[in-house]
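Chemist: Produce the complete structure using the sequences and hints provided.
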Amino acid sequence: MAKYVFAFNPELCIGCRACEIACKQHNDLPVGIKLRNVYTFESGKFPKPELRFVTISCFHCSDPPCMKACPMDAIFQREDGIVLVDESKCIGCGYCLYACPFGAPTFKSSDALGSKGTMRKYTFCYDRIDKGLKPACATVCITGALIAGSAEEVSRIKKEMAASKLANTL
Amino acid sequence: MSGLKVSRRDFMKGVAAVGTAAFLGKYCSDTQLLKPATAADVQEQDEEKLVYTTCKICSAACGLVARVKNGVLVEIEGNPLDQHSKGRICGKGAAFKQIAYNPDRIKTLLIRTNPEKGIGVDPKFRKADWDEVFELIAKKMYEAMQEHGPKSIVTIGQHKYNNLLKAIGSPNYFCHHSTCDSTTFPVQKAIVGKSKLVYDLTNAKYIISIGWNYVGSAKNPMAQAFMEAKKKGAKIVVFDPVYTVAASKADEYYPIRPGTDLALVLAMINVIINKGLYDAEFVEKYCYGFDKVAEFIKPYTPEWAAEITGVPAEAIERIAVEFATTKPACIPMWKRHGPGPMRFIGGRLAHAMLILQAITGNVEVEGGMFLPRKKLAKVKAEEKPPEPDGEPLDGSSKFPLWDLYNGKCRGLYQALPTALQKADYVKVVFFTGQNILSIPGYRTMCEALKDKFVVVVTTVPDETCYFADVVLPDAVSGLENTGVVERGFSPFPQVSVIQKVIKSPVKYSASKSMIEIAKRLGELMGVDLLKRIPQKDLDKMLEPYGITYEELKKIGVYSTTGKFEPKLKFKTPTGKIELYSTKLEKYGYDPLPYWRDDANYVKFYLGGLGKDEFFFTTVRNPLRRNYKQNNLPWIVEAEPYNTVWINASRAAELGIRDGDKVVVQLVRDPFRKYSNGPKVVGYARVTETISPNVIAIPYGYGKWSKMLSVADARGIIVNDLTVARTTEEMLELNEPFAPSGDADMIVKVMKA
Numbered sequence: 001m002a003k004y005v006f007a008f009n010p011e012l013c014i015g016c017r018a019c020e021i022a023c024k025q026h027n028d029l030p031v032g033i034k035l036r037n038v039y040t041f042e043s044g045k046f047p048k049p050e051l052r053f054v055t056i057s058c059f060h061c062s063d064p065p066c067m068k069a070c071p072m073d074a075i076f077q078r079e080d081g082i083v084l085v086d087e088s089k090c091i092g093c094g095y096c097l098y099a100c101p102f103g104a105p106t107f108k109s110s111d112a113l114g115s116k117g118t119m120r121k122y123t124f125c126y127d128r129i130d131k132g133l134k135p136a137c138a139t140v141c142i143t144g145a146l147i148a149g150s151a152e153e154v155s156r157i158k159k160e161m162a163a164s165k166l167a168n169t170l
Numbered sequence: 001m002s003g004l005k006v007s008r009r010d011f012m013k014g015v016a017a018v019g020t021a022a023f024l025g026k027y028c029s030d031t032q033l034l035k036p037a038t039a040a041d042v043q044e045q046d047e048e049k050l051v052y053t054t055c056k057i058c059s060a061a062c063g064l065v066a067r068v069k070n071g072v073l074v075e076i077e078g079n080p081l082d083q084h085s086k087g088r089i090c091g092k093g094a095a096f097k098q099i100a101y102n103p104d105r106i107k108t109l110l111i112r113t114n115p116e117k118g119i120g121v122d123p124k125f126r127k128a129d130w131d132e133v134f135e136l137i138a139k140k141m142y143e144a145m146q147e148h149g150p151k152s153i154v155t156i157g158q159h160k161y162n163n164l165l166k167a168i169g170s171p172n173y174f175c176h177h178s179t180c181d182s183t184t185f186p187v188q189k190a191i192v193g194k195s196k197l198v199y200d201l202t203n204a205k206y207i208i209s210i211g212w213n214y215v216g217s218a219k220n221p222m223a224q225a226f227m228e229a230k231k232k233g234a235k236i237v238v239f240d241p242v243y244t245v246a247a248s249k250a251d252e253y254y255p256i257r258p259g260t261d262l263a264l265v266l267a268m269i270n271v272i273i274n275k276g277l278y279d280a281e282f283v284e285k286y287c288y289g290f291d292k293v294a295e296f297i298k299p300y301t302p303e304w305a306a307e308i309t310g311v312p313a314e315a316i317e318r319i320a321v322e323f324a325t326t327k328p329a330c331i332p333m334w335k336r337h338g339p340g341p342m343r344f345i346g347g348r349l350a351h352a353m354l355i356l357q358a359i360t361g362n363v364e365v366e367g368g369m370f371l372p373r374k375k376l377a378k379v380k381a382e383e384k385p386p387e388p389d390g391e392p393l394d395g396s397s398k399f400p401l402w403d404l405y406n407g408k409c410r411g412l413y414q415a416l417p418t419a420l421q422k423a424d425y426v427k428v429v430f431f432t433g434q435n436i437l438s439i440p441g442y443r444t445m446c447e448a449l450k451d452k453f454v455v456v457v458t459t460v461p462d463e464t465c466y467f468a469d470v471v472l473p474d475a476v477s478g479l480e481n482t483g484v485v486e487r488g489f490s491p492f493p494q495v496s497v498i499q500k501v502i503k504s505p506v507k508y509s510a511s512k513s514m515i516e517i518a519k520r521l522g523e524l525m526g527v528d529l530l531k532r533i534p535q536k537d538l539d540k541m542l543e544p545y546g547i548t549y550e551e552l553k554k555i556g557v558y559s560t561t562g563k564f565e566p567k568l569k570f571k572t573p574t575g576k577i578e579l580y581s582t583k584l585e586k587y588g589y590d591p592l593p594y595w596r597d598d599a600n601y602v603k604f605y606l607g608g609l610g611k612d613e614f615f616f617t618t619v620r621n622p623l624r625r626n627y628k629q630n631n632l633p634w635i636v637e638a639e640p641y642n643t644v645w646i647n648a649s650r651a652a653e654l655g656i657r658d659g660d661k662v663v664v665q666l667v668r669d670p671f672r673k674y675s676n677g678p679k680v681v682g683y684a685r686v687t688e689t690i691s692p693n694v695i696a697i698p699y700g701y702g703k704w705s706k707m708l709s710v711a712d713a714r715g716i717i718v719n720d721l722t723v724a725r726t727t728e729e730m731l732e733l734n735e736p737f738a739p740s741g742d743a744d745m746i747v748k749v750m751k752a
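Taken in sequence, the protein lines are chains A and B.
Going letter by letter, the first sequence gives residues 1 to 170 in my numbering.
Going letter by letter, the second sequence gives residues 1 to 752 in my numbering.
It should be emphasised that the hints constitute simulated quantities derived from the structure, not laboratory data.
Wrong hints could be hidden among the right ones.
In the DSS-like style, the derived pairs of lysine-lysine whose C-alpha atoms are separated by at most 27 Å in a straight line are [as the list claims (entries may be wrong)]:
id, chain 1, residue 1, chain 2, residue 2
1, B, LYS748, A, LYS45
2, B, LYS507, B, LYS553
3, B, LYS69, A, LYS131
4, A, LYS3, A, LYS159
5, B, LYS235, A, LYS48
6, A, LYS165, B, LYS232
7, B, LYS751, B, LYS673
8, B, LYS583, B, LYS292
9, A, LYS158, B, LYS231
10, A, LYS158, B, LYS235
11, B, LYS139, B, LYS553
12, B, LYS422, B, LYS450
13, B, LYS611, A, LYS45
14, A, LYS165, B, LYS205
15, B, LYS139, B, LYS519
Modeler: Rendered as structure tokens:
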């Protein structure tokens, strides 16, 4: 069974937030819940400042701390590595958020425990994966900064990109 | 998801052709991407339908696939068969459905009941029916025309109403191009004979951005091309007072003094000619007036430019040499970014950039600039419209070269409010698909509209509606109408379909309304106005492509293909690239882009700044294309309001901290000083990413319409800071094309 993973290259990210909005669209999320977020970081001093962009969501860890923390066994991992939550079992306690190093578990109004409710998090668009498609975020990504696929595929792409960069600079 | 129903095998097949390229970016060569598309890879699902259409949010016009269930739009995706957008979309596209399903969408015809008009004055609309509304509009138009002639009717906004105005013989149809691209396009036309030039960034090895920031505004295909070039190792140099996203991806960045880009480009031309690094063969064969350029460029040394621009002479010289010796190379033009064409110096800058592009031989080569390839047929009206009733009221006909281009899109937006105020004879004004907030000095326009009969065609009750006597609901172009879009961004002509994707919540559209008005007004006039309006004959338009509309519907996009063939024929008086423009000369303008020390805008930029003073500029947000996204829930959630970008050291001097409320006030522009100029209030973003002498405010935010429930009132309306100009001021510039100059301002900033 293929494992699904992401790769993100901040050098290519232009902070356009298409991934963020595509995620809202695909999951038809109301205002107040965001499963993917883009952040802008500034550093350095004018006239040599730097701008970096990062897109972040649930990483679908191999060994998900949220799953271990959940007292209701509401969080489960599919064979392909995708970590999902069974909302019918979730009681909205927020243990998963304590456990997650990335703040991925999201409750309504999105900040820590917000107004509670059941937990939602980025699903890797498993419904699209099951159709042989890429997650919405990686599909729209204008520059290819965010890529998703099977571990083998992503690893191959990353190797090819590195090789191609070398070829262009050597 | 049950959407793009693609079996794994089909998917891999489809994606092998296009999707993998979309996914990998560069691993599929462009020649593969340029193959004609077929729909075989994407098939329809049982209950859900896939419908191809085109995004009409910005001019990139990306191909889309819509997943539709029972007439309701479920999801928009990029069309993977589109060689241009490569199946990817920006955030604006991903939120497209919220334009159609906006909580404030106007669904019925409305008539005003409150005779008093003003900013913040409730129009007190009531619902009205079809006959009542169109009888009223036709009657008002007919009465005005009886008394004051066709010129008493004005339209502002979309092109489709131009046809109605032409049919009745009114010269007064205006659109936004003076705030957008109309400086570069007519210059392009004068120099190379065509406008909307294409820059093949993907294959360029050297790119100079003079404020070009389509990555920052997420102009999808152009952003892709730029990043492709970067991935391939192209060298990128950015000159911009704002450290933009493009700057953050560049190899070198120079915070040039605002408004002085022309000096920089002239100095680069000087270096290239002095060192003999120009493409002598190309210049000899295809360019006119090189000798004159070589003579005129002499005083513009790198040292001279360094003084003016703040860019070191050494850097100017080195970059010029690199640009001339690294082929292919591009110095692309753009639209509304900070140092953009709407600045008063924009036309000359565009001219100089074209000279640089041409003398280095980077024209009609892959990785350089090429002329657009188009072949869609034009459809003419059955009957010739009457001669226009006089000159357009904004004086745009006094710019003869501009009007050559602006037969379709004329208009001095910046002077329109004052011109309209003076034109007593104007009785009926149509505002079509255009937010009044996008007009420089729009508050003057608000005044001008008070005593007119105003018809507003729109999808949401924005600020424009506060001056409407009648509101006509519009359809969302790209989702609720039909058509074809031709995109001239590739070496091969390509066309993309527009289909009625969804069951529209609105029964009306701008086109339907326009036809109804023409019908009823025609009856009153005793003329068949419809005969004077070109019919939307899509099959006829598509004829040169050898494809019908029905066929195009099935494949979404159709791209012709082949081997890249240079088209080195230039429709100029000499048949060559006119570095020295005989056309500009003939009309009494500078035939070469001289740096004019005596021009008021030059003095303006070289003059000093007071302690609390800054040059002003606007920036474009990737999620907003002007005001189209201002009321979309997902967009407003992502970034509810804009801020005042101010350099950290200057902010410290003024005691301004990040997040402080600040006032920005207009102090002077190249024409006037303001003792009590217009001002805006907003929150400061204290940043290291902007020059100490510049303030930037992103465009497309703010509201005061109480009828909009999503847009955030904390945002700054940039045009609350601008003033309406006059036609006389524009003529005083003595430029062939009058840009709006809505960034040519000095402002002061203080804590609120």
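Chemist: Hints first: check each against the structure and report whether it holds.
Modeler: Okay, the hints, checked on the actual structure:
1. Annotation: proposed proximity of B:LYS748 to A:LYS45 holds, straight-line Cα distance about 23 Å (limit 27 Å).
2. At most 27 Å may separate the alpha-carbon atoms for a hinted pair to count; B:LYS507 and B:LYS553 meet this at roughly 23 Å.
3. Restraint check for B:LYS69 and A:LYS131: satisfied, since their Cα atoms lie roughly 18 Å apart, inside the 27 Å limit.
4. Only pairs whose Cα atoms come within 27 Å are accepted, and A:LYS3 paired with A:LYS159 is accepted, the gap being roughly 18 Å.
5. Simply put, B:LYS235 and A:LYS48 have alpha-carbon atoms about 18 Å apart, close enough for the 27 Å limit, and the pair holds.
6. Proximity of A:LYS165 to B:LYS232 is assessed by CA-CA distance (about 7 Å); at most 27 Å being required, the pair is judged to hold.
7. Using a Cα cut-off of 27 Å, the hinted pair B:LYS751 and B:LYS673 holds, with the two alpha carbons roughly 22 Å apart.
8. For a cut-off of 27 Å, the pair hint linking B:LYS583 to B:LYS292 stands: about 15 Å separates their Cα positions.
9. A distance of roughly 13 Å separates the Cα atoms of A:LYS158 and B:LYS231; the hinted pair therefore holds under the 27 Å criterion.
10. At roughly 22 Å between alpha-carbon atoms, A:LYS158 and B:LYS235 fall within 27 Å of each other, so this suggested pair holds.
11. In summary, the hint linking B:LYS139 to B:LYS553 is not supported, as the alpha carbons are separated by about 40 Å, beyond the 27 Å threshold.
12. In summary, the hint linking B:LYS422 to B:LYS450 is supported, as the alpha carbons are separated by about 13 Å, within the 27 Å threshold.
13. Pair hint B:LYS611 plus A:LYS45 holds up; C-alpha atoms about 21 Å apart against a cutoff of 27 Å.
14. Straight-line distance between C-alpha atoms of A:LYS165 and B:LYS205 comes to about 14 Å, which keeps the hinted pair within the 27 Å bound.
15. Proximity of B:LYS139 to B:LYS519 is assessed by CA-CA distance (about 12 Å); at most 27 Å being required, the pair is judged to hold.
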